[in-house]
Amino acid sequence: MNPSTGTTPIDDLLRGSIDHCVKCTICETQCPVSNVTPLFPGPKYAGPQAERYRVADEPSVEWSVDYCSGCGICSQSCPQGVKIAEVNAQARNKLKKQKGYPLRDRIITRPTWLGRAGGGPMAPVANLTIDFKPFRILGEKLLGVHRDAAAPEFARHRFSSWFKKHPSPPTGRKIIYFHGCGTEYYEPWEGEKLVQILEHNGFEVVVPKQDCCGLPLQSSGLFDDARKVVLRLARALVPYVRDDPDTLIVGNATSCTLMLKREAREILSLEHDPDLKLVSERTYDICELLLELHDRGELKTDFQPINEHIFYHAPCQQQGHWIGKPALDLFALIPGLEVTEGNARCCGIAGTYGLKVEKYDIAQAVGADLFGQVRGSGATEVACDSETCRWQITHATGQKSAHPIDYLHRAYGL
Amino acid sequence: MRGELHYDAVVIGAGTAGLVAGARLAEGGARVCVLAKGIGSTHLAPATIDVLGYAPDRVASPSGVMPEFVSRHPDHPYATLGVDAVAEAARWIQARVESGPLPGYRYIGDLDRNYLLPTAVGALRPSAIVPETMVAGDSVDLERACVVGTRALRDFHPALCASNLTRLGIPARSVEAEIELDRADQNALGLARRFDDPSWRAAFAGRLALKLQADERIGLPAVLGIRDPQGAWSDLEHRLGRRVFEIPTLPPSVPGMRLFEILRAALRAAGGRLVLGAEVVSSERDGSRVTSVATHSAGHDSRFVAPWFVLAAGGFNSGAIALDSHWVTHEQVLGLALRGVPAEGEPRFVGDYLAEQPMSRVGIAVDAELRPEGAENVLVAGAALPGAVPWREGSGEGIALASGSRAAQHVLARAGAPAGAAA
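Line by line, the protein sequences are chains A and B.
The first sequence begins at 1 in the working numbering and counts up one residue at a time.
The second sequence begins at 1 in the working numbering and counts up one residue at a time.
If you're looking for bench data, these hints aren't it; they were derived computationally from the structure.
Check each hint, because a few of them may be wrong.
Unchecked claim - If you want the footprint, here are the derived chain A segments under chain B, 3+ residues with CB under 8 Å: (1) 43-51; (2) 258-266; (3) 288-302; (4) 313-321; (5) 390-400.
Said to hold, decoys possible - Here are the in silico distance ranges between beta carbons for each label pair: (6) A:A365 x B:E346: 28 to 34 Å; (7) B:D301 x A:V22: 22 to 28 Å; (8) A:G81 x B:G287: 29 to 35 Å; (9) B:V328 x A:L278: 33 to 39 Å; (10) A:V22 x B:R348: 16 to 22 Å.
Said to hold, decoys possible - If you want a taste of the chain B side facing chain A, the calculated C-beta under 8 Å gives, among others: (11) L44; (12) E143; (13) L274.
For each residue, glycine too, the CB sits at the ideal point set by N, CA and C.
Bound conformation, chain A alone:
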């Protein structure tokens, strides 16, 4: 900790990167938000430029950084390695501390609380409430959650209760599954398919007791809570990988795996937590893992043809893994599958951003390009690695959407 600024070495490293900005404006061309609204002036202005006016222990001088959705495309496209999104996330935290957090941001950033309240046996009632317009209007007025925002339906069973009844055959090749909240409470079938794919390829799947990764809290600027939540998850996962250097953690929630891999360590200044460091090094996105297995000749390729045309959108957070688009390489292994790769930047939702009443219209405007491409593609379904993005895309276009592994699962005939 730097005693004069209260910053850690990783904070100083992130902030120091702004000196590498050459004002080329490439990030400005990539930012999905500033391209549709003047409320956010763009990553270069809010980041490398405005950061110079942010002084430790002094109030934030401008508030537009709250409109950054945290998608991270700016950092990915910067040719000079400036940590634009990370600097802006820290500025948002400082701003929110100063302005105060709306009650809404304390609720919608807690998927575990919501899932426990509305999932499982409560699902039918909870889902009726979500679809009930007067309730949504009330939610908008009281809490600031937009009445039309995409809201997923709770599943009638949790993934973890399915897995308890599903003994993974011991093969000696263990893999640790981090399913995240989306799979646990909303889309347990995605986790079931992932488990079956891994088992088909000879893995024994282990599912530790686990909780949220803290990403929603982090992206809403609630850093102290986010740190507690992500460290709790790291402590829950680390015993499973500590003693065996070959054991990996794999997840299908691409934004949550990115949180574990990189964002928590950089943005939340947790670079030196040993548990999180180990978990970070061992965590894989499912498509990343399957592509590596294929590269080593260890992925079964007994795929049956799928004669369909799908549209693929790589979510911003998936792109933040800096691994390209492994889903496309996997799709290429499936006979008959025709894939249209979209080139729109973002669906707009950015986790909880597009739920917020003051940001809903921006999120829809951000997504308009993608929605138009989906509608114009002639594809029957949309494949996308992130659950919140899928909900947003399906809500806006009416097109069915699924995780890329769904198509592998089908092609395997599992």
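Chain A is already provided as a structure; the job is to place chain B on it using the hints.
This is chain B only, laid out in the frame that chain A set:
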């Protein structure tokens, strides 16, 4: 091994040279992966194909001047690449533009004649092959021009452009166009998106038409559409009843974004991969061969193993070649030897900023096959090549295209054979 992927060839850099090399490797059947730290030169340059503009006087015909030029500059990349390679690569990219994702968009021209196109400040810039949307700016014939700008695009000043053109003998005046926007200012890309919208540009053309005079061609900043520039440009010509041309802007460059999208689509269509955010941070060697490069992907490093590597990461401008505070020059990606560095005690810079600097021709020391010293399975393409001063010569895209193509052809000709066997 964990964290490893294998390819037939790995390309480092996603500027013009890297994307061309990657796309042509993929088209030749190689499994190729293009790694890039971020988006690069395409978004910053006008995206015209400059082959040879000054040698040192302004060049009217690149192909005509080339033999004499390379005899005077035997260390120039063109001396080993040859004019035919530049012409072949130019035809390749013209074909990819035509078959690319932007309907009807074309690049016009050849190596026999340079266009003379206005810049944003009203200077004239020679270029061989240019987007069709810029051709009417050709100022060889001194036709009257009206330069149109808008206050919303703060980096483009039509009055400055027009007055400088007039000084050069091209009768020009300027007009501020009124546009409908929900914000005070807008960058070039934001405006280009508006021009993709037929009803928005119809309204724009309707208002602009009232301010135009007879017999003048219309110069607009290069913002006429990002997804359908041909549609936007031809629609404006039709509605205004005059020839319309785009003038390259300060960065960000909309024509450059179009070119990036065209080359990216060519790479993808041929089955190549592109990984952005993938700065190469280390490499492994086996004697004189590079065996793998590693990038910092999130959480862990990713290693890319291949029998061939194409290094197209750029030169001083991108930071791939750097002069450190001890006055030592480095190639940053693979640690390769450089050529053209001033000797110890010799001046590195001269006082006139715009003069040719002693460091200008520094690049990776390569042989006639573009192979660097001590790395037999690496080929160098683009701005990292020594012996050229692209920004003074107006030769950057010609070198990038021809060397990217040459690198791909070199690999494809030897693929299958044990790497190094052909050496």
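Hint check:
1. A count of 0 residues in the region 43-51 of chain A with a Cβ less than 8 Å from any Cβ of chain B is obtained; the coverage claim is therefore unmet, three being the minimum.
2. Interface restraint, the region 258-266 of chain A with chain B: holds (4 residues with C-beta to C-beta distance below 8 Å; minimum three).
3. For the region 288-302 of chain A, the stated coverage by chain B holds: 4 residues have a C-beta nearer than 8 Å to a C-beta of that chain, and at least 3 were required.
4. Counting residues of the region 313-321 of chain A whose beta carbon lies closer than 8 Å to any beta carbon of chain B gives 3, which reaches the threshold of three, so the coverage claim holds.
5. Counting residues of the region 390-400 of chain A whose C-beta lies closer than 8 Å to any C-beta of chain B gives 0; at least three are required, and the coverage claim is violated.
6. A beta carbon spacing of about 57 Å between A365 of chain A and E346 of chain B contradicts the range 28 to 34 Å that was offered as a hint.
7. Distance hint check: the CB atoms of D301 of chain B and V22 of chain A are about 26 Å apart, consistent with the given range 22 to 28 Å.
8. For the pair G81 of chain A and G287 of chain B, the beta carbons lie near 31 Å from each other, so the given range of 29 to 35 Å is met.
9. For the hinted restraint 33 to 39 Å between V328 of chain B and L278 of chain A, the CB-CB distance of approximately 38 Å keeps it satisfied.
10. The beta-carbon spacing between V22 of chain A and R348 of chain B, approximately 21 Å, falls within the hinted interval of 16 to 22 Å.
11. The criterion of a C-beta within 8 Å of any C-beta in chain A is met by L44 of chain B, whose closest approach is roughly 6 Å, and the hint holds.
12. A distance limit of 8 Å between C-beta atoms decides the matter here; for E143 of chain B the minimum to chain A is near 32 Å, and the interface restraint is violated.
13. Taking 8 Å as the C-beta contact cut-off toward chain A, the hint placing L274 of chain B at the interface holds, the least distance being around 6 Å.
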